[in-house]
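From first to last, the protein sequence lines stand for chains A and B.
Take the first sequence: its position 71, counted from the start at 1, is 71 in our numbering, and no numbers get skipped.
In short: position in the second sequence from 1, add 1000, done, that's our numbering.
What the hints contain is simulated information worked out from the structure, not anything from laboratory work.
There could be a bad hint or two in this list.
Said to hold, decoys possible - To list a few chain A residues with every Cβ distance to chain B over 12 Å, as calculated:
no. : residue
1   : Phe-24
2   : Ile-29
3   : Leu-33
4   : Gly-36
5   : Trp-59
6   : Glu-76
7   : Met-77
8   : Ile-102
9   : Asp-193
10  : Ile-194
11  : Lys-203
Said to hold, decoys possible - In silico BS3-like links for lysine-lysine, alpha-carbon gap of 27 Å or less:
no. : chain 1 : residue 1 : chain 2 : residue 2
12  : B       : Lys-1124  : A       : Lys-18
13  : A       : Lys-118   : B       : Lys-1232
14  : B       : Lys-1124  : A       : Lys-203
15  : B       : Lys-1124  : A       : Lys-13
16  : A       : Lys-65    : A       : Lys-249
17  : B       : Lys-1124  : A       : Lys-16
18  : A       : Lys-178   : B       : Lys-1003
19  : A       : Lys-203   : A       : Lys-178
20  : A       : Lys-178   : B       : Lys-1007
21  : B       : Lys-1007  : A       : Lys-118
22  : A       : Lys-13    : A       : Lys-203
23  : B       : Lys-1232  : A       : Lys-178
24  : B       : Lys-1003  : A       : Lys-118
For each residue, glycine too, the CB sits at the ideal point set by N, CA and C.
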Amino acid sequence: MNQESFFRSSVRKLLKNKLATVCFIIVVIELILVIGAPLFTSFDPNEVSVMNRLRPGFWAESTGKVLEGHWLGTDEMGRDVWSRLLYGGRVSLAVGFISMTIGITIGTVFGMLAGFYKRLDNIIMRLMDILFTFPGVLLALLIVAMLGVSTVNATIAISLWSVPSFARMIRGRVLQIKEEEYILAIRSLGAGDIWILSRHVLKNALPTIIVIATMRIAGSIMSIATLSYLGLGVPAPTAEWGGMISSAKTFMYAAPYLIIIPGIAVVITVVCFNILGDKLRDILDPGLKD
Amino acid sequence: MGKYILKRICIMILMLIGMSFIVFASMYLAPGDPAEIAAGPSATAEEIEIMRAYLGLDKPFWTQYISYLTNLLHGNLGTSLITRQPIWSELSIRIPNTLNLAVAAMIFACVLGIPLGIIAAINKDTAVDNALTTLSLFGISVPNFWLGSILILFFCVKLGVFPTGGMDHYFWTAIGFSQVFLPAMSLGMQSAASFTRIGRSSMLDVLQSDYVRTARAKGLREKAVVLIHALKNALIPIVTQMGTSFGGLLSGAIVTEQVFAINGIGSYLINAINQRNYTAVQGTVLLIAAMFISINLIVDLLYCVIDPRIKYE
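Using the sequences provided together with the hints, build the complete structure.
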């Protein structure tokens, strides 16, 4: 079976599942919306309008406070929420994708080497532990405290923060796999380390990798939102979902929709990626099939 | 085994030294000037220089690091640049709040997450399984600061049943429980959901193994097969996840403390960063790191206990 047909058949099987298809469509629509943001909104996401602060959206139609055109209302500075949601999504999705890719690549390599080679185990895992001892936000805080607040620094921080958890869990799986008898059998047939690692260990660890990656793409999108919420991610006034929630904190009681709307955007995006990954795992993981 | 533990403790001390170096170096390389911050906004250039000499910041990097390390070995985390108080005494009154929150969140996550994972696995491909799997996906997908805000909006503003913030009692007391309930729920939700997912997939893996088939074949009841034979092996990935999660809870607490106005080490750290209080940042980061290294050691030791197939020298 060659690689191309393997992936093509995976996608085809994926789209046979209704839930996965729905999520796939939502993600595609979302990508179209955020990439083509100027086509879907006529407002500048950073255009301040002091006269039109905190106007509610379509849900308050009957009160007469709704401004023409602002169907999701305006925020505490009179900026259009729909437009900030679209432009904010650009940043969240881009940072999420890039940092997840960097993180999983480095993490998988380290995890496989550490689990397979006892000599490397200690060195790699202690290195990972050092990264690991700055869990989550902590590493980001150090990097931000060092380099200053910027989107690029936040992306670096999120990539590095994915690495140790990937490496640790993949190592855990590889430790189990290499004790299994079929590895001994393959080895006794004369297979070398590289062959065993790339053909058998990687293949058997793949379900684990997909489960973790599933969680991590969700994690990466949430991480940038968290950093921005703490004021250490995407600098204001650039729209970003976490930053939108953060600046709405003060107006929580007067305008709860400013917190609810961007939060729903995060949850929908992350849930869709999670479900896609989940179904993909069912397809790619023969061990879980009957 | 005893030798292994001893070896790991030595490694842990080495790691703490490595950690202290990384933290010290990164703050040393940070562009701000600690002497200027310590001297205050109205200080003259001369006063700043005096402060620099007083803090020892005019000495070379290695001299500064060695004296920092010596202080650490004496249990001295340094002095806050802003308040001039020992950092340890400022942190030690906040540690109980953060641990209280993190432990409560971990208990919430285990009590909710692990049983749901097992239930999903033994009901594979039924409506129960589908519902739990989908719910756990939502649980993982909710950012803890957003969940916290929504819980406040719903429970505190609409229903008025829990306090909106603050924490000054332990979770096992009645007041403490009401204070910690919402923060622990918003902090622990992601961990709970990941326990359900990992628990389900590892339990399914184990249930298909030969020894489980043997256990069934010799006529054991399903309950005994699942709870006695399968659970022990299914726990291995969950234990890995618990180690990872505890770090997540400690760092997540930094965010949750902001949402619920809890005076813990996370709030202290955020304050220190905003005030560019470098010595306080160093001390707090090292403290969280030390807590987390200890947890990792415990997780690795637990491996040996629950899975003798994994061998250590």
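Here is how each hint holds up against the structure:
{"no.": "1", "hint": "Phe-24", "verdict": "15 Å, holds"}
{"no.": "2", "hint": "Ile-29", "verdict": "18 Å, holds"}
{"no.": "3", "hint": "Leu-33", "verdict": "19 Å, holds"}
{"no.": "4", "hint": "Gly-36", "verdict": "25 Å, holds"}
{"no.": "5", "hint": "Trp-59", "verdict": "15 Å, holds"}
{"no.": "6", "hint": "Glu-76", "verdict": "15 Å, holds"}
{"no.": "7", "hint": "Met-77", "verdict": "19 Å, holds"}
{"no.": "8", "hint": "Ile-102", "verdict": "19 Å, holds"}
{"no.": "9", "hint": "Asp-193", "verdict": "19 Å, holds"}
{"no.": "10", "hint": "Ile-194", "verdict": "24 Å, holds"}
{"no.": "11", "hint": "Lys-203", "verdict": "15 Å, holds"}
{"no.": "12", "hint": "B:Lys-1124 with A:Lys-18", "verdict": "19 Å, holds"}
{"no.": "13", "hint": "A:Lys-118 with B:Lys-1232", "verdict": "25 Å, holds"}
{"no.": "14", "hint": "B:Lys-1124 with A:Lys-203", "verdict": "24 Å, holds"}
{"no.": "15", "hint": "B:Lys-1124 with A:Lys-13", "verdict": "20 Å, holds"}
{"no.": "16", "hint": "A:Lys-65 with A:Lys-249", "verdict": "22 Å, holds"}
{"no.": "17", "hint": "B:Lys-1124 with A:Lys-16", "verdict": "20 Å, holds"}
{"no.": "18", "hint": "A:Lys-178 with B:Lys-1003", "verdict": "24 Å, holds"}
{"no.": "19", "hint": "A:Lys-203 with A:Lys-178", "verdict": "12 Å, holds"}
{"no.": "20", "hint": "A:Lys-178 with B:Lys-1007", "verdict": "24 Å, holds"}
{"no.": "21", "hint": "B:Lys-1007 with A:Lys-118", "verdict": "15 Å, holds"}
{"no.": "22", "hint": "A:Lys-13 with A:Lys-203", "verdict": "19 Å, holds"}
{"no.": "23", "hint": "B:Lys-1232 with A:Lys-178", "verdict": "20 Å, holds"}
{"no.": "24", "hint": "B:Lys-1003 with A:Lys-118", "verdict": "17 Å, holds"}
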